[in-house]
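Trainee: Sequence:
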Amino acid sequence: MDLVLCHTTADFDALGAAVGLCVLRPGSRIVLTGGCHPTVRDFLALHRDEYPLIERRSVNPQQIRSISIVDASGRDRLGKAAEWLDLPHLSEIAVFDHHLEAHSDIPATVTQIEAVGASTTLIVEKLKNQAEKSDTPFRLLPSEATVMALGIHVDTGSLTFEGATARDAIALAWLMEQGASLGVIAEYVEPGLSPQLQDLLREALNNLRSETLHGYSVAWVLLSTEAYVPGLSSLASRLLDLTETDALLLGNVYKFGENENNRNIAPESPVSNRLTIIGRSRIEGTNLSELFQPLGGGGHARAASLATRDVDPLLTLNQLADELKTQIPHPPTARELMSSPVRSIRPETSVGEAHRILLRYGHSGLSVVDAGDRLAGIISRRDIDIALHHGFSHAPVKGYMSPQLKTIAPDTLLPEIESLMVTYDIGRLPVLENGQLVGIVTRTDVLRELHQQKARDRGSNAELSYCVMPESVEQLLRSRISPELWQLLSIAANIAQNRGWQLYIVGGAVRDLLLATDDTLALTDIDLVVDGKCGSDDSGAGVELASSLQKLYPESRLDVHGQFQTAALLWHKDSAFGSLWVDIATARTEFYPYPAANPEVEASSIRQDLYRRDFTINALAVRLGAPRSGELLDFFCGLLDLESKQIRVLHANSFIEDPTRIYRAVRFAVRLGFEIEPQTEGYIRNALASGIYYRIQGENGRAPALETRLKSELKYILQAPYWKVALQMLGDLEALRCIHPTLELDRELWRQLRFLDRCLQGRKKEEELPRKKEEGRRKKEEGKAKKEEGRREKEEATPHPKFPIPNSPFPIINIPDWQMRLELLIAYLAPEYRGKVAANLQLPADSIKRLEVLEAGKNQLAENLPKCELPSQLVLLLRNYELPVLIAIALQSPRSARRQIWEYLTRLANVEPPLNGNDLKALGYKPGPGFKRMLDDLLAARLDGDLGDRAAAISFLAERYPQT
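1 is the number of the first residue of the sequence shown in the working numbering; add one for each residue after it.
Watch out, some of these pointers could steer you wrong.
[What the hints assert, rightly or not] With beta-carbon atoms standing in for the labels, derived distance ranges:
#1 Glu903 - Gln728: 28 to 36 Å
#2 Ser104 - Gly682: 36 to 44 Å
#3 Asn859 - Pro26: 48 to 56 Å
Don't read these hints as lab results, they were simulated from the structure.
Where a beta carbon is used, it is the ideal one built from N, C-alpha and C, also for glycine.
Please construct the entire structure, taking both the sequences and the accompanying hints into account.
Mentor: Below you can see the structure in the form of structure tokens.
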């Protein structure tokens, strides 16, 4: 374990430098050795989960590998954690500080103490240097850039303190380029006030009036001064922060005489009052600029000002405050934010079992309910980690849970939820309705909603740049799909809303909608997800919604898969929908009991449903129906990846759990013209190099992901027009090892695949012969026997096709191109693996048999082909083999044998006897087993050039087979 230690009472500089070091050294953990400043504490109350923090008491000293200390160089500033510096097994102790005058008593192996304004600057310079030297795109997460920028801002007084340097300014500029959020920085940086403004601040705090509406607090105050006071905007910002008010109107009235600006005016000129009002708002939907415009003011939606004269100051301020209150929208409630259903356990559940449940579902805490399903407490991952650290895996969770809980109701408003989380440092709030646990609101839910509010506010400078979130894509969706399809989606949304559910269109349809450049989007496959509990049965809300829709659209076919709580509506060549597949599923979470297994699914929330998907670009959803219809859900920055044209996986273990995602990554990358993101490619290579799939097959006897699911992905790729590029990419990743550990795309295999492709292209040309001409010829054969001879002569004059066509006498089996390519890949394996791999992929029985007998057939032909001196001998030998077998043998054979097989396939296989069975009967021969011998002899004679026309064939028969 690599640790980064912050000094006791950590400030933003220590935290920012520590986060930067964790970026430089992935896998490192941050320890706050003894509390933090109040502003840092408030910051972490909302953002703690975004940084790799670990409790000091959760650290096992024997597992510490290295220690780095930031913004400190003395042991006395590290609290009890200083004891770790004496551990004998440490590989490195590094110190990064900017206090030159401090005495260092730390036995550091690496030291960097330089005269800059902030320790964070030293770390940022290292990151900037690494980014410039990197061959791959480098970008910090906005949360990382923001906290490092805060460290520099706070320790340099926003570059105004004496110790600030040009290096700090350069580092800060780079962090802004990396996406540091100015809104968050402004929220936590505290500029100073002049003595006059400090006096006015005290007066404002004593006279402030406030009112709470919809969970938001609105305050206003009027200050009177002798003259104009500069810096009122700073006073307004400080007052807003100190009072934790959501919107503030700060008025200042002062006397203004005309003679102050014009010396030619007489001293007795009248003196008028002037009113200046500074407005600040943090409430989405309010617009101070619009509010102030009638009085000549303006600015931004969240920050504006006005200056007027000869008005009643108090009346004007009160009227503006009333108008501001009418702008305040109704904020989201807990019911709209919460995740449901809630994963819960009993108080008697062991700590070890609770840990396994957290691991299974990826939660950071669990609700504990009693036998009556009443909430008894909450246990966090932090609590469980500490209990496990002390060896209490078998102890019940009731001894470690938090029984004193803050709870909320479904109608609790977002501001109150946010206030509770910050005030009590709570990461999750249970939602109770009639005493029953109906949902839970987490820090992540609150942060996401706050971010989306700021992103929707186009005029705000406080926008967090974590992801670009369009306000609505409803108009885009409606304009690009057919009116009939939009009506179907609207009806489905209304049905869901009437049942208390929320409906979303998810996955590829959303991705293709956002990527589409044409005005019309032809959707043939749509995935809908229903977020809601079905009260009627266990089949799920998705199945119930699909059943209701099928009654309204009886021409559709309904397929139900109750085990997975999904259903599908299918239209085939419908006048309105064409061929359309609408899959409707209940929002689910999934868990893989072991790598490459089939997932186990359970009902869950829309967020969990999107988290289980393969890539960020496929984890997008659009809300259908009120509230906020058309809202785009992008929890994992899929939009940014669409803009960057990259395939990025959602979590590091994704390919371990499901190796078919490797093939999907390649398929989407080639099909969309995207790149596989470097870290995602690293996850792919690590998963393949781990050998986990083969160990699982050995331990469990099978790995379902490597069976039919892998075959499906291979089919998608091998039948696509881009299969060559995709296969080369799979070969570069060494991903063909998913088929078998020994399979690699080397030069010889690639040669065989290209040769096969030429064969398949030849077959396609023959299959494209005009069908009407063939059908007409067939009718003539059936109804006009007297023209048989003329037809045969015409055929004899026609050049032989370059490749056998499906209706030729050659025993061709209709095998799709993708399957022939797949069989060729399997055939490249050692003989003992071919049948097993084909069976594992659940190929058809005839395909498995072909691969099993391939080696025997190859050996037989290797022995017998050299003996074929005449064309007839070659035909009689090879016509007993199926086309795929012959092609596979030819590709693996020496050139001489390959030449003979191609001669047979391209020319000899289409040669027919000059007479057929009907001719033999017309000549007086009785049908029977002898017919085959006679026809074979006729064919052999024709192949060897011993027969010319029809008369010669009749003479040949009369001589060889005289009639008695």
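Trainee: Could you work out which of the previously given hints the structure breaks and list their numbers from low to high?
Mentor: none
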